[in-house]
Amino acid sequence: MILTWLRAWRLWIVVLALSIQVTATTLWPSSAVSVPGREDVQAVIWPLSPVILGVALPMVLKQGYLDVRQVAAGWQRDRLELLAFISLASLFPVAAASEHEQLVLLRNTGLVIGLCLLATTFLPSAASWLPPTLGPMAMWLLGTHSLSPPDRWALLLQDRDEIVSRLVAGFLMIAGGTAYLTRRRRVRG
Amino acid sequence: MSGWTVSLRRSPGRHAAPVLFTVLIAQVLIRDRAWTYEWTWALYQLAFNTVLLSPIVAGLGAWEGARLADSSDYIGTCPRSWRVALSAWLGLILWTAVVYLVGVVVVALLVLARGTPFGPRLVDTLTILTAIGLMAAFGALGIGLGWLIRRRLAAAPLAAALTFCTTLWLYLAGPGQFVTVGGASGSLAGATPNTTIQWRQVAVFVGISITLLLLISRRTSWGVRGPVVLGLFSTLATTIAVVGLADAGQAVLVPYNEPVTCTGVKPQVCAVAGYARFGARAHDDLAPLIHALEAAKVSPIPLVFNQNASPGQVLVGPLQNRFLTGNTSDAALLVSAAYVDKRCFLQTRREDDVALFGLQWWLAGQVGGDRGNADLLPEKLTKGTPADQAAFIRDAVHTLVNCYQAP
Numbered sequence: 001m002i003l004t005w006l007r008a009w010r011l012w013i014v015v016l017a018l019s020i021q022v023t024a025t026t027l028w029p030s031s032a033v034s035v036p037g038r039e040d041v042q043a044v045i046w047p048l049s050p051v052i053l054g055v056a057l058p059m060v061l062k063q064g065y066l067d068v069r070q071v072a073a074g075w076q077r078d079r080l081e082l083l084a085f086i087s088l089a090s091l092f093p094v095a096a097a098s099e100h101e102q103l104v105l106l107r108n109t110g111l112v113i114g115l116c117l118l119a120t121t122f123l124p125s126a127a128s129w130l131p132p133t134l135g136p137m138a139m140w141l142l143g144t145h146s147l148s149p150p151d152r153w154a155l156l157l158q159d160r161d162e163i164v165s166r167l168v169a170g171f172l173m174i175a176g177g178t179a180y181l182t183r184r185r186r187v188r189g
Numbered sequence: 001m002s003g004w005t006v007s008l009r010r011s012p013g014r015h016a017a018p019v020l021f022t023v024l025i026a027q028v029l030i031r032d033r034a035w036t037y038e039w040t041w042a043l044y045q046l047a048f049n050t051v052l053l054s055p056i057v058a059g060l061g062a063w064e065g066a067r068l069a070d071s072s073d074y075i076g077t078c079p080r081s082w083r084v085a086l087s088a089w090l091g092l093i094l095w096t097a098v099v100y101l102v103g104v105v106v107v108a109l110l111v112l113a114r115g116t117p118f119g120p121r122l123v124d125t126l127t128i129l130t131a132i133g134l135m136a137a138f139g140a141l142g143i144g145l146g147w148l149i150r151r152r153l154a155a156a157p158l159a160a161a162l163t164f165c166t167t168l169w170l171y172l173a174g175p176g177q178f179v180t181v182g183g184a185s186g187s188l189a190g191a192t193p194n195t196t197i198q199w200r201q202v203a204v205f206v207g208i209s210i211t212l213l214l215l216i217s218r219r220t221s222w223g224v225r226g227p228v229v230l231g232l233f234s235t236l237a238t239t240i241a242v243v244g245l246a247d248a249g250q251a252v253l254v255p256y257n258e259p260v261t262c263t264g265v266k267p268q269v270c271a272v273a274g275y276a277r278f279g280a281r282a283h284d285d286l287a288p289l290i291h292a293l294e295a296a297k298v299s300p301i302p303l304v305f306n307q308n309a310s311p312g313q314v315l316v317g318p319l320q321n322r323f324l325t326g327n328t329s330d331a332a333l334l335v336s337a338a339y340v341d342k343r344c345f346l347q348t349r350r351e352d353d354v355a356l357f358g359l360q361w362w363l364a365g366q367v368g369g370d371r372g373n374a375d376l377l378p379e380k381l382t383k384g385t386p387a388d389q390a391a392f393i394r395d396a397v398h399t400l401v402n403c404y405q406a407p
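Protein sequence lines correspond, in order, to chains A and B. Per my numbering, the first sequence starts with residue 1, numbered consecutively. Per my numbering, the second sequence starts with residue 1, numbered consecutively.
Everything labelled a hint here was simulated from the structure, so no lab data went into it. Just so you know, even glycine gets a beta-carbon here, dropped at the ideal spot from N, CA and C. Keep in mind that the hints are not guaranteed to be accurate.
Some but not every residue of chain A turned toward chain B, in silico, with C-beta under 10 Å [claimed, not checked]:
#1 Gly54
#2 Pro132
#3 Thr133
#4 Leu134
#5 Ala179
#6 Leu181
Sample of chain A residues lacking proximity to chain B, with all beta carbon distances greater than 10 Å (derived) [stated by the list, open to error]:
#7 Leu6
#8 Ala8
#9 Arg69
#10 Arg185
#11 Arg186
If we strip away everything but chain A, and leave its shape as in the complex, we get:
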């Protein structure tokens, strides 16, 4: 039953993405990535690991907007179950991380999931993959410096005590979750 549900909603993609995330954060050599002029950037690679989930999520969340699911009687309950699974499953890489990383990973997971929910709800599906993919790329490439902390707008790279990024993460999760659970698109045909 559960396996059928996982398959019907393509949740194996989420499971796969989270497994890759756990493997990557465990095996990632801490000095493997740097760019000329950004020597110390490797220190801020691991906070971006929830992006692996973000790359996969639009594909799964889009299932909620299929015509057949939108006309189903319990469409809101279906989406709520989907969100509950994604939220709970995404805690797995957070729990597997070291104590120092957990708060940052929790915040960033919330940021990424919220961003995906909003993008899937309000953007056409051809563009819904862009914010969770392009945003972190821009933050890492442009928001980092070799000798000073990341820019304030690079929310995913902020220190764990930074309050604004936490607030934004909370806002995105609540706004994205509300939008995804309440908004139905026009059914075609």
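Since chain A is already given, all that's left is putting chain B on it; use the hints.
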């Protein structure tokens, strides 16, 4: 309306053009714009944006490739079905190229607005060509990936993420010349893009694009003899181009003796076109230091400062763009840099460090600048008579000219 026009109108590149343009312009306007004094630097720096734009183009290409894969049965029934993949790619790349060229115009306007004389060189055109070529190759890679994966929302973000990570990996571990088409954190006065690498990059990017499109076209052509010979020839040519680019080395920038305009005497200040108008001010900032060295009977003294010069040439001092454009506190640094060769291993031999800090401390004092910490310096310099100080400076210059170098 022809098929080509339809491809152009319904290309994902058309809908993504505002996003691409926003990314490009945000980077140009938000980040430091010291490059506005140099045409080559400005256009080379713009090309750095391909690090972010190319993965997006790959993602869009993947979307297009998956869309083509959805219709492969219908496409396969058409005569000359290869034109479908080609027009999809062209549609994407034309929109991307338009966005990039508008970015070039914006950059050109910023450079002109700064008062830099008009003077882009042929090599700058090549920089634009390699940037568009890289995005074209990434677009073809994306189409190929989308064609294989067939699911649009899986292929697009995956293509973008994979190409982004690959780009950064190549920057880090090399061979960087396969993705480095621009980006310089400092002035390019005295340096220029390596045209050998640039031409080979163009060959590789064109080769990858054509080969991938031919491979996709072959898959669309059910029952029709695909362009096998052409495909094999293209693969071979691309392989040769890749080997050629790998063989060209990773020096994407090479030294260049750029024409300079010289101003004044003692010292003569020679700057490239974009900075020539600051020559007189730079002369006025450097002259008191040169006079002070003369008064202290130091020999030799740098009587010329040239933007093409390297540190340690002694008689010809280097010039920095920051100094020319108004950061006058660097004057003492530049004069002392004339004596310090790049090969000097500072922080190895104490007398080298004392000589350098002492010279800078003394020079800064001659023009009333911030001298900084004097803890390391001997009392002969910090509390001595002018004669003692002059003797120390003469010794310091001698020490620096004969600094410790790597064996």
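Verification of the hints:
1. Gly54: 8 Å, holds
2. Pro132: 7 Å, holds
3. Thr133: Given a least distance of 5 Å, the restraint on A/Thr133 holds.
4. Leu134: 6 Å, holds
5. Ala179: Given a least distance of 18 Å, the restraint on A/Ala179 is violated.
6. Leu181: With a closest approach of 20 Å, the A/Leu181 hint is violated.
7. Leu6: 17 Å, holds
8. Ala8: 16 Å, holds
9. Arg69: The claim holds: A/Arg69 sits with its nearest Cβ about 15 Å from chain B, beyond 10 Å.
10. Arg185: 15 Å, holds
11. Arg186: Check passes; 19 Å lies beyond 10 Å.
Hints 5, 6 from the list above are not met by this structure, while the remaining hints are.
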